[in-house]
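J.: All chains, full assembly: derive it from the sequences and hints.
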Amino acid sequence: VRDRADTKSFLERGGFGLPALIVLAIAAFDVLPAARLLLTALAPKGVLDAGPMLFALVSRAAVNAGRASLETAFFSTLLALPLGTVMALVLGITDIRRRHVASFLFVLSLMISPQVVALAFLHLAGPASPILITLGLAPEPGSANPMLGRGGIILILGLHHAPLVYVVMSAGLKRIPLAVIEAARVDGAIPLRIVTDHLLPLMRPHLMSAGLLAFVAGIGNFGIPALLGTPVNYLTLPVLIYRRLSSFGTGMLGDVAALGLFVAALAIVCVAASQVLARRGDVLLDEDAPLHPFWRLGCTRTAAEIFVSAVIALTLLLPLLSLFASALVPSYGMPLNLSTITLDHFVEVVARQDVTVRAFTNSLVYAGAAACLLAGLAIPMAYGLVRLMGPSRILATALLEISYVLPGIVLAIACILLLLKPLPVIGISLYGTPWIIVFAYLARFQPVVLKPVLAGMAQIDMAQEEAAALDGAHLARRLKDIILPSLLPAAVAGGLIAFLLAFSELTVSTLLWSAGTETIGVVLYSLEEAGLASQASAVAIVIVAVVTLAMLALDALGRHLPAGTLPWHCPAEGAALSVREADRRGLEPESSGLAEARPALST
Amino acid sequence: VSTKRILLSLLAALLPALAQAQGISGNLVLYTSQPNTDAQQTVDAFKAKYPEVSISFVRDGTPKILAKLSAEFEAGQPQADVLLIADSVTMEGLKKEGRLLAHEKADVSAYPAGTHDPQKFWFSTKLITTGIVYNTKAAFKPTSWLDLTKPEVKGQLVMPSPLASGAALIHAATLTGNLDGGWKYYEELKDNDAMAGGGNGDVLKQVAGGQKLYGIIVDYMPIREKAKGAPVEFVFPKEGVSAVTEPVAILKGTKNPEAARAFVDFLLSKEGQELALKQGYIAAHPAVALPVGYPPRDQIRVMGFDAAKALADETRNKAAFAEIFGQ
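Here the protein sequences line up with chains A and B, keeping their order. Counting in the numbering used here, the first sequence runs from 65 upward without gaps. Counting in the numbering used here, the second sequence runs from 132 upward without gaps.
Just to be clear, a hint being listed does not mean it is correct.
[Claimed, not checked] Among the chain A residues that face chain B by a calculated CB cut under 10 Å, a handful are:
#1 G130
#2 G190
#3 T406
#4 R422
#5 T425
#6 I480
For the record, the hints were derived by calculation from the structure and aren't laboratory data. This one's a predicted model, so the numbers in the text were calculated from it and none came from an experiment. All C-beta atoms, glycine included, are put in the ideal place defined by N, C-alpha and C.
T.: As structure tokens, this is what we get:
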């Protein structure tokens, strides 16, 4: 490994353009929105005054919503943590078959946006459930839908975030040195004892890190409590913020900024703690061989496979079935059989209704544009960060994450605050135009795209570039001929992940859309809210299809990517997480990469 | 008189009509609280008549549409040309703020006074009453608003929230003004474990789906769903119903006043009013028949309410409701 302090390359000095680009991106996408939010919450009338903020925080509705947020996030974490951990262990250390398919499907259930998942489970239960009616199992009319309210939100949040825990824990497992296991084996320990006595103690920081992330994801989630809580008036903070702003208008911006700041502070503290923990849990040294499956299950293998299939059926298959059932019946509440089955709702949403067709186009265009722009930006930014920023890049990568760590609804408020008034110089307001949504997507998903590109950048040997420079190639030429070809797959993958997340998101656009700029997430929510359950389900199925296609495209791209880009391939920190983490991982000599995903079993 | 002159005068007589349909083009954006399918039908019918106009719509509950509009006013970028929302009280508010454009040439000869603004800033298009819906599997059949506070209904009532529905806001203003005790009635509903969630569509879904047995709802939803076979029944309570009139108005900032006026004219025309009938609404035009499932026009008893007071109290009413139901 090159000792960087001693042999700083001449390539790492000088250059003004790229660092300026990075500073500009940080200012526009992260610092300005966050600062604007702080300003409105702490100094609503231009003078520092925490009074209104405290007042907003202690109102009855805010206190209730705060409690609802904390309890759903906490209890759902208690559900997600064991489920995700067991999945990570079964898929990571045992000789179970078809682990790649299982991993792909489990992570797919995380990539399907929360409001789609909530919609699916909502239609799965209750007296009007098309599946239950068809099976003759529907409860008496007048009985409540058990998915509505606190219990339902906890269950669905827990199931939805189990893959998040899985991704973090799998990444953690990959960082356990194989030597630990081998030493225990030499001592004659059986695999179960190795797990309980050696593996789990080593994994404790990862476990806490995963728990904190699931907790934050629960606090910031909008889609699930919006669909499952609003009908029974059980509101969490993001839903309360949405409701205040959407029903009372921008006059409430000061109040909701205060609530938003509270949620944001909670999220930032938890994510920071989680990253510190994840780092502390890292015991793998560069020269150590990483852990790979060591547990031959023998006759219990079938049982383990049934368990994995059951978890995937619960998190993915069952909700999909429910969506199909409610999209294919003429009206929500009717049984599904050969005489009632209809494709009308699909025709209605993909061909007849202007709004849904427009929303599909909008989401494709906005998410696509943001993804392309980010992928394009990522290459020069990654180059600048790695080669030209020196030690300040640690601060830069941390700042770049602000908009990703902020709950979506809070970022949306920050964008409204920032962009509602006409912009200086050009004198027009971006509010009410598609640009405000694209801007929010750029801010939010920048770290997601940057992560794999940074990992790739750190693997590029400087020698080749130095040779080119000595040959007289300028920076632009070197970027084009050497850096671009090596980083392109990672940039494309980053862009695809951003597209995947942005395409069906609801949290950000729910406050930013206006006439003609509806996103598909917004339309799904509005159809369900208007009581058009079957059409909402049809939209949801189309969304799932698009997301699955994007995931398959990513999977196909897999072998050209830096290790750890795809959470289901070689689980690293996951789509959800940290630039710094990827950055740091990337600086280490490349481990066996994709081979880790389908490791040879040691006997 | 030569045939040429006859032809010419015929042409001259036809021209204005032709010019009217042909000269009107451009974009038109409608903000409406009509359910998606109805809004699409309205827009399609207008498009059939004015194919040159490219019209699109945004649908949400009236309070949310208004919140969106107010943010757009603030950004200096109002997107809407025409508003078709639940109630005239909200329209009065917008008129007072100077946000509306009068349509002086609108033909209101067929409509009684009171169904439109005297200065022609807004025009009612329908009569939408709010009453009670129940699932036909329910044993107890309510006939009065007070029945909803009875133990038979405990935990089984769902209603729209004034934070999401304009009709629900007028309903609250009407009911608290007409029933003894005012807001105490809503306290009693809350004590009876009534649920106030989203809009009217949500109420329909919950009662038709059997998740709740009783609901407070606008008339046309359960009446037309019943016709399609849904297990619901709508009740006009004996004290009377509250009503909104789904008025239409042109926004002052419109970039296409001609098309906007054409849209208003279309809704007020016999054709537009018959579309309302076909969709299952009580049309505002007194000569248009009522859809199947409604009692005769003169038997529908609408409770009176003080529009000026409702406008002045709008925020207070929303807050009172939000406080009782913890929203």
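J.: Under 10 Å, Cβ to Cβ, is where A/I480 needs to be relative to chain B, so tell me if that hint holds or is violated.
T.: 7 Å, holds
J.: Can the hint on A/T425 be confirmed by a CB-to-CB distance to chain B that is less than 10 Å?
T.: 12 Å, violated
J.: Given A/T406 as an interface hint, is the shortest Cβ-Cβ distance to chain B below 10 Å?
T.: 13 Å, violated
J.: Does A/R422 meet its interface restraint, that is, does its C-beta lie within less than 10 Å of any C-beta in chain B?
T.: 7 Å, holds
J.: If you take the shortest Cβ to Cβ gap from A/G190 to chain B, is it below 10 Å?
T.: Interface hint status for A/G190: holds (6 Å vs cutoff 10 Å).
J.: Any CB of chain B closer than 10 Å to the CB of A/G130?
T.: A/G130 check fails; min Cβ-Cβ to chain B is 13 Å, beyond 10 Å.
Violated hints for the displayed structure, listed by number in ascending order: 1, 3, 5.
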